[in-house]
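Chains L and Y are the protein sequences, given in the same order.
Number 144 in the UniProt record's numbering belongs to position 144 of the first sequence; there are no gaps in the numbering.
Number 28 in the UniProt record's numbering belongs to position 28 of the second sequence; there are no gaps in the numbering.
No wet-lab data here; the hints were simulated from the structure.
One thing to keep in mind: the hints can contain errors.
Claimed, not checked - Distance condition first, Cα-Cα at most 16 Å in a straight line; then the derived EDC-like pairs of lysine to aspartate or glutamate:
{"hint": "1", "chain 1": "Y", "residue 1": "K174", "chain 2": "Y", "residue 2": "D45"}
{"hint": "2", "chain 1": "L", "residue 1": "K174", "chain 2": "L", "residue 2": "E150"}
{"hint": "3", "chain 1": "L", "residue 1": "K93", "chain 2": "L", "residue 2": "D45"}
{"hint": "4", "chain 1": "L", "residue 1": "K28", "chain 2": "Y", "residue 2": "D37"}
{"hint": "5", "chain 1": "Y", "residue 1": "K174", "chain 2": "Y", "residue 2": "E150"}
{"hint": "6", "chain 1": "L", "residue 1": "K104", "chain 2": "L", "residue 2": "E132"}
{"hint": "7", "chain 1": "L", "residue 1": "K28", "chain 2": "Y", "residue 2": "E223"}
{"hint": "8", "chain 1": "Y", "residue 1": "K93", "chain 2": "Y", "residue 2": "E55"}
{"hint": "9", "chain 1": "Y", "residue 1": "K93", "chain 2": "Y", "residue 2": "E150"}
{"hint": "10", "chain 1": "L", "residue 1": "K252", "chain 2": "Y", "residue 2": "D230"}
{"hint": "11", "chain 1": "Y", "residue 1": "K28", "chain 2": "L", "residue 2": "D37"}
{"hint": "12", "chain 1": "L", "residue 1": "K174", "chain 2": "L", "residue 2": "D45"}
{"hint": "13", "chain 1": "Y", "residue 1": "K252", "chain 2": "L", "residue 2": "E117"}
{"hint": "14", "chain 1": "Y", "residue 1": "K28", "chain 2": "L", "residue 2": "E55"}
{"hint": "15", "chain 1": "Y", "residue 1": "K252", "chain 2": "L", "residue 2": "E132"}
{"hint": "16", "chain 1": "L", "residue 1": "K178", "chain 2": "L", "residue 2": "D57"}
{"hint": "17", "chain 1": "L", "residue 1": "K252", "chain 2": "Y", "residue 2": "E117"}
{"hint": "18", "chain 1": "Y", "residue 1": "K178", "chain 2": "Y", "residue 2": "E55"}
{"hint": "19", "chain 1": "L", "residue 1": "K178", "chain 2": "L", "residue 2": "D37"}
{"hint": "20", "chain 1": "Y", "residue 1": "K93", "chain 2": "Y", "residue 2": "E61"}
{"hint": "21", "chain 1": "L", "residue 1": "K93", "chain 2": "L", "residue 2": "D57"}
{"hint": "22", "chain 1": "Y", "residue 1": "K178", "chain 2": "Y", "residue 2": "D230"}
{"hint": "23", "chain 1": "L", "residue 1": "K93", "chain 2": "L", "residue 2": "E55"}
{"hint": "24", "chain 1": "Y", "residue 1": "K93", "chain 2": "Y", "residue 2": "E56"}
Given the structure is predicted, the values throughout are model-derived calculations rather than measurements.
2 protein chains.
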Amino acid sequence: MTSPSSASSVVTAAMLAIGDELLSGRTKDKNIGHLADLLTLSGIDLKEVRIVADEEDAIVEALNALRARYTYVFTSGGIGPTHDDITADAVSKAFGVPCIHDPKAMELLAAMYKRREMEFTETRQRMARMPEGARHIPNPVSTAPGFVIENVYVMAGVPQVFQAMIDNVLPTLKTGAKILSRAIACPYGEGDIGTLLGAIQKAHPETSIGSYPKYDGQRFSTELVVRARDADVLEAAAQAVVAMIADLDRAKAKPNPTAEA
Amino acid sequence: MTSPSSASSVVTAAMLAIGDELLSGRTKDKNIGHLADLLTLSGIDLKEVRIVADEEDAIVEALNALRARYTYVFTSGGIGPTHDDITADAVSKAFGVPCIHDPKAMELLAAMYKRREMEFTETRQRMARMPEGARHIPNPVSTAPGFVIENVYVMAGVPQVFQAMIDNVLPTLKTGAKILSRAIACPYGEGDIGTLLGAIQKAHPETSIGSYPKYDGQRFSTELVVRARDADVLEAAAQAVVAMIADLDRAKAKPNPTAEA
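With the hints as extra help, turn the sequences into a complete structure.
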C-alpha cells in the first residue's frame, strides 16, 4: 500500500515474544494475535514479530534490531522470578544500562507480600529487577510490574497479565491514522479472480487488498479484505470488488458456482 | 542448556511466516505451533520464528538472515495465485536467481485443471512460479506444489496444506538428538521455588529446566519442564525436582497450600 500524503501519521510496531516454551510447541502463543488485533484497532501498524528463546544474546540482538527500526517494540515473557526469566537482564544489556532492583517495584511487591503474610524472598525480589531508568507498566492482575524504557514495552508472558498490561499501555501511545478495512465474501476461488483483482489493486494504489482462500472440503471460496486509511478511498475500491463479483456472477449465469483456485 | 559432547548432532531451524493478515490479527497463525511440535518430536531445534508482511524487502531480509544462521528455514504463506502472493519472487531475489514458471509444476497444474474441465488461466499459472533450480514439495491437498531451494522450504499458509506439506518434508531432513522432556506439576508458585530450582538447574547444566506459572483465578501453581538430550541426565534432574517438591510439602506440612508467586 503506498503511503498517503500524511506519511508522518504512520506509527509502526514490532513484537518480540520471548520463551523456550513457544519454540518447543509446549505453549501456543496467544499474545501475538491479541496484540495484532489491538494495534490494528489503534491505528498502529504491526510490521514484524519475532519469537526467540530465553537466551540473552538472542534477545539482545533481536531487540536492538527491532527498536531501531519501529516506533514501538512490545515484548512478552521472561519477567517472572525464576532462573530462566532473563528478560530484564537482556533488555538492560541491550540498552547498556545496569539492571537493578527498582526501589518502587520493591516497595510494591514488599507491601503485597506483607498483606498476604508471605516472605518477600530473594527469588520474589527478582521480579523487581529492571533496567535503571525504566518506568513501570502497572499489573492489576498480579502486581509485579512490567517496564518501559525508551520505545520498548516489556510485559509478562501469561496471557491474562499481558492483556491487562497492554490495556494500560495503549492509551499512552501515539497512534497513526487507523487502517479501515472491509471484508467481502467471494464465492469464487483465487484462481478465478486473480487477474481481475490484481487490476483493481493497481487501479487503487492507496489500498491494500488481501485475498484469503477458504476451502470447506468441497468448494473453494475467498475472503477479500480491502484496507485503506481513507474512507472514500476504501469505498471506491470496495465497490470495484463488489462489481467484479457481480460481473463474474453474470458471466457464469449462476450465483454460486463450484469454483476452485 | 550446555551442549553435550555430541554437538554435531544439533540440527537447528527457523520459521518465517509471511502474511499481512497475520500482522493485522485477522488470521491467528496455527502453523508456528504445529511446526514447533513436529520439530521437537523430530529432534530439530526451532531457534527463532519471524512473522513478516507480504513485502519483498521484508521477506528477502528476514530470509537471508535466517538461512545463513540455521540448518533449515521453513516459510509459510504467499504462494497462492493472487497479486499479494509474492513469496516465490522474494525467495528468488534472496537467492539471486530468476523466478520462473517451473515446467513440471506447469504440467501438474495443467493436468489438474484439464481433469476438472477448468481453464488454466494466467492467474492460476502463477502457482507454478518458483526460483530456478528449486525442487517441489508435494501438495496432496490442492496440487500446487511448495518448493525447496538449498536449506529453505517454502510452503502454503493454509493450515491444511501446510501440514500436508511438512508431513512430506520431515522424513527427508536430517535430525539431531531428540530433546527429551518431562513435565512435573508443582503446587507451589514460582516465588516459592525459584531459589531451589535455580540451584537444581546449576547442578544439572546439561538440562534446561523451564518454569511456567499457572493461575486459576485463586491459586498460583507451576508447571516445571525438565529437558535434556540424555535420558539418564533427564532422570537425575527430574528426581531432584520431585525431591524439591516433597521437601516443600514436608516443610509446609500440608500437601497443597495456597501459594503465590
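For each hint, the structure was consulted:
| no. | hint | in the structure |
| --- | --- | --- |
| 1 | Y/K174 / Y/D45 | holds, 12 Å |
| 2 | L/K174 / L/E150 | holds, 14 Å |
| 3 | L/K93 / L/D45 | violated, 27 Å |
| 4 | L/K28 / Y/D37 | holds, 10 Å |
| 5 | Y/K174 / Y/E150 | holds, 14 Å |
| 6 | L/K104 / L/E132 | holds, 12 Å |
| 7 | L/K28 / Y/E223 | holds, 15 Å |
| 8 | Y/K93 / Y/E55 | holds, 12 Å |
| 9 | Y/K93 / Y/E150 | holds, 14 Å |
| 10 | L/K252 / Y/D230 | violated, 63 Å |
| 11 | Y/K28 / L/D37 | holds, 10 Å |
| 12 | L/K174 / L/D45 | holds, 12 Å |
| 13 | Y/K252 / L/E117 | holds, 14 Å |
| 14 | Y/K28 / L/E55 | violated, 26 Å |
| 15 | Y/K252 / L/E132 | violated, 37 Å |
| 16 | L/K178 / L/D57 | violated, 35 Å |
| 17 | L/K252 / Y/E117 | holds, 14 Å |
| 18 | Y/K178 / Y/E55 | violated, 35 Å |
| 19 | L/K178 / L/D37 | holds, 12 Å |
| 20 | Y/K93 / Y/E61 | holds, 10 Å |
| 21 | L/K93 / L/D57 | holds, 9 Å |
| 22 | Y/K178 / Y/D230 | holds, 9 Å |
| 23 | L/K93 / L/E55 | holds, 12 Å |
| 24 | Y/K93 / Y/E56 | holds, 9 Å |
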